[in-house]
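Following the hints, position chain Z against chain E.
As given, the protein sequences belong to chains E and Z, one line each in that order.
Residue numbering for the first sequence follows the working numbering, beginning at 1 and increasing consecutively.
Residue numbering for the second sequence follows the working numbering, beginning at 363 and increasing consecutively.
Among the hints, erroneous ones may be present.
[As the list claims (entries may be wrong)] For lysine to aspartate or glutamate, the following DMTMM-like pairs were computed, each having C-alpha atoms within a straight-line distance of at most 20 Å:
| # | chain 1 | residue 1 | chain 2 | residue 2 |
| --- | --- | --- | --- | --- |
| 1 | E | Lys167 | E | Asp178 |
| 2 | E | Lys153 | E | Asp76 |
| 3 | Z | Lys820 | E | Glu94 |
| 4 | E | Lys312 | E | Glu335 |
| 5 | Z | Lys820 | E | Asp76 |
These are calculated hints, taken from the structure and not from any lab test.
Values in this document were obtained by computation on a predicted structure and should not be read as measured data.
Single-letter residue listing:
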Amino acid sequence: MSELHIQSVTKRFGLVPVLHGIDLTIRQGEFFTLLGPSGCGKTTLLRVLAGFLMPDSGSVMLGQQRLDLLPAHQRDIGMVFQDYAVFPHLTVAENIGFGLKARSVSSSQLRERVQEAMQMVQLDGLADRLPSALSGGQQQRVGLARAIAIRPKLLLMDEPLSNLDAKLRTELRDEIRDLQRRLGITTIYVTHDQEEALAVSDTICVMNKGQAEQIADPFTIYSAPATRFAASFVGTMNFIPCHNMTGSLHIGQDGTVHTDALQALCPQGAFELAIRPEHIAIVADSHACPDGLVLHGHVEKTVYLGREVQIKLVLNGHSLLVQTPAPSRQNLAREGDRVSVLLPFEHLVLCHPDGRAGALLP
Amino acid sequence: MMTRLGFDVWKPISVGLWLLLLAFLVWPLSSVLLASFIDNDSGAWSLSNYVDLWQSRAFHRAFINTFIAGFGGMAGALVLGLTLAVLTSYWSVKGRGLIQTLAILALVSPPFIGAYAWIVLFGANGSVRVFLRDWGLAIPTIYGAGGVILVFAFKFYPYVYLIVSGALQALNPSLEEAAESLGVPPWQRFFKITLPMIMPAIVGSALLTFVLSIADFGTPRLIGRDFNVLATEAFSLFASEIGGHAGGASALSVILIVTSSVFVLLQRYAVRSDLYHSGLVKSRTPHSAKGLGAIMVYGLAYLIVLCGAIPAITAVLFSFRKTSGPVFQQGWSLQSYEKILSSLSTPIINTLNYSLSAVCLIVMVGTLLGYLIARRRGPSTAALDTLLMVPYLVPGIVMGIALVTRFNVPPLAITGTGFIIILAVFVRRLPYASRAVAMALRQLSPSLEEAAISLGYKPWRAFTRVTVPLIAPGIMAGALMSFVTAMNELSASLVLYVGGTITMPVRIYLSVMDGDYGTASALATVLLALTVISVATAFHLSGRKQSVLL
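For reference, chain E alone in the conformation it holds in the complex (with noise of 0.2 Å):
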């Protein structure tokens, strides 16, 4: 059983500093993703691991071995490719056999491992085909069982999934996520999609500009972001300027004066307040609630998504989206109406303005 350690791995492309000091560890079985934009150094730090580049400083340690000093060709570490990187002059079973080759096993071993890889992936019968007779999912899967197939001590995936169409990314995604459990093997997964990341991950490592933002599972990514990036990145997020003066909190652009109970888990001076669309409710304009914030304002736009509802309200002079599930035909709120929306304390996100945030309640 060995742990993953990364440690102060630092890079830089000429003057462009990429990574800064990524500090990682990631347990033996565990699905471990890289969640960021592009640009944030995911993918280089991905290359690092594979061996296609090397630190600027900082080692990767596996268990007892130092994997950085180690030529990328002998790190046994199973890669998946965001363009799949299938051999286009080699057939199906030639291709989950390439890297078992290379490792001198015996040729009925050999016929028997590629068997069982391509069962695992759903290709059996396909042994012969060539990568041209292939759609785009299946060609990833072979560029997947090819990877597993030299049992490796760590798979690493590149945006697997991002050349698929969205019906088969799905069914993919939750494919991976079944047999790397079966096969708990540790995962290095490469995504800036926010919702696969959400549904395969043990752990979430929220990148941004080359720093590692917040790792936390899944659960915690989404409901307790420690940064503003990763409360903005990751699922919808709406941000409410404010303002406390002694004596007054300003929410909004609007000088609002807000109540006591609000007021006392504030911080003094500029901050901003977080909440997510479906944590709002719209409620009757008399409502007042000990532990919720009461704000009103009028609806600019409404979009129907069959299940729920998407409303854009203005407030103060800034918008709010809010998202409910969709209401009778009668009650669908209509462009200009005046209504009042109810921000409840447990969800409000504190973001600081030096970037860190917290839930607002203790």
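Here is chain Z on its own, set in the frame of chain E:
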């Protein structure tokens, strides 16, 4: 970007390639540059060679003639090539395959065969001229500036045709339909929409034909008579300076390089980006011409390609004519072939030998170079890529002079051997091969090789097991095209050959100079047959991509 741990086999390879290019490209060319600044008599540094040229009337004439030939050839090729491209793109002309084949035939048949064939038909005793004279129609001989321009036009128009019709095919016809729906009439539409968008292709191909025209040696030499250009002048000066110091020829070579560089750089600038290349291309549906229009379209298209193919057809026909000495007689025979088999097999064997050796070298070195350029970006490979521009700028005759002056003394006294001819072909053709490989590699995802490495293959084995098999068809197609140019290379070989290392193009050139047209025809036919077979194979291997031919 790919820093790898451990021993990187590409580093020593890169060093080796640098040494190779420095030794066989930079070093020989430096001799030309240096010699041009050394006075022939005193051996001191001086500008006397340039001053002499400046004061020489012959040089002035050659300089002006070079531009006449260049612009004339360019204009002719543009008129023919553009006409054919527009005709075949907008109208459905039956036998499009035949038109393409004939255009390609004109493209690959060596220019000196063209010159020679036109002489056979329109020279002092040319068949067509004699025939017309019998009917009381006197036409001037082909010799002189007009003849040179005519040969260039029919020789180089396929470049314009292939490049411009490629651009027309890449053009989204929706743009023209959009203009039509906005109420722009057809003629205006062509000039306001289509023409501006294919302009880079037109300008690029025009400049290419200019560069090819001014670098050509065989045509002005054979057909120009007194029409001397820089390339022929350099050769004459070089021949007169043999044994002594080649100062004059060197200075002329430098001027020729500079002239051609200006236009090559202009050409690169013109085609720097395919600005209007649209990703969404639906194919154009050509109109079918009817009545008088059809006669015009068909007549013009076939007239152009048939005239372009005249040299090849003439060479083949005349090779089977009965001869008596150098004079053609009535009737047919295999005499000419018997003659080349019995007494002229050396040039054929030499040509095959040298071309094959050169191509082997080109494939090996070109593949490594292409890989470095496409996959190992860095200051060193960028410089290497720039250095590979040089052979494009140096006309064959100049390369020949450079190699002779540098390699006639130890440590590498290979002048007069076959090696130096192989070397000339190798250096001149290397950039084409490495560029073709780099292009093939750019279409191949780098992650393929990374996948192999992550599966346990060393970088070098990943390259040979995955990358090489995938680019092999491209390499083979490039190799065959190199083989074609190697076989047809005249200007450098003419400077480099000695009796025992004579090649087919040189032999043909000498036969034409001697008026021995029967032998020339038979040899030209053999050369043409080998060329056509190689080109057809390359075309097939590349998946019928026309870009392989350019």
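>> Flag every earlier hint the structure violates by its number, smallest first.
In response: The structure breaks none of the hints.
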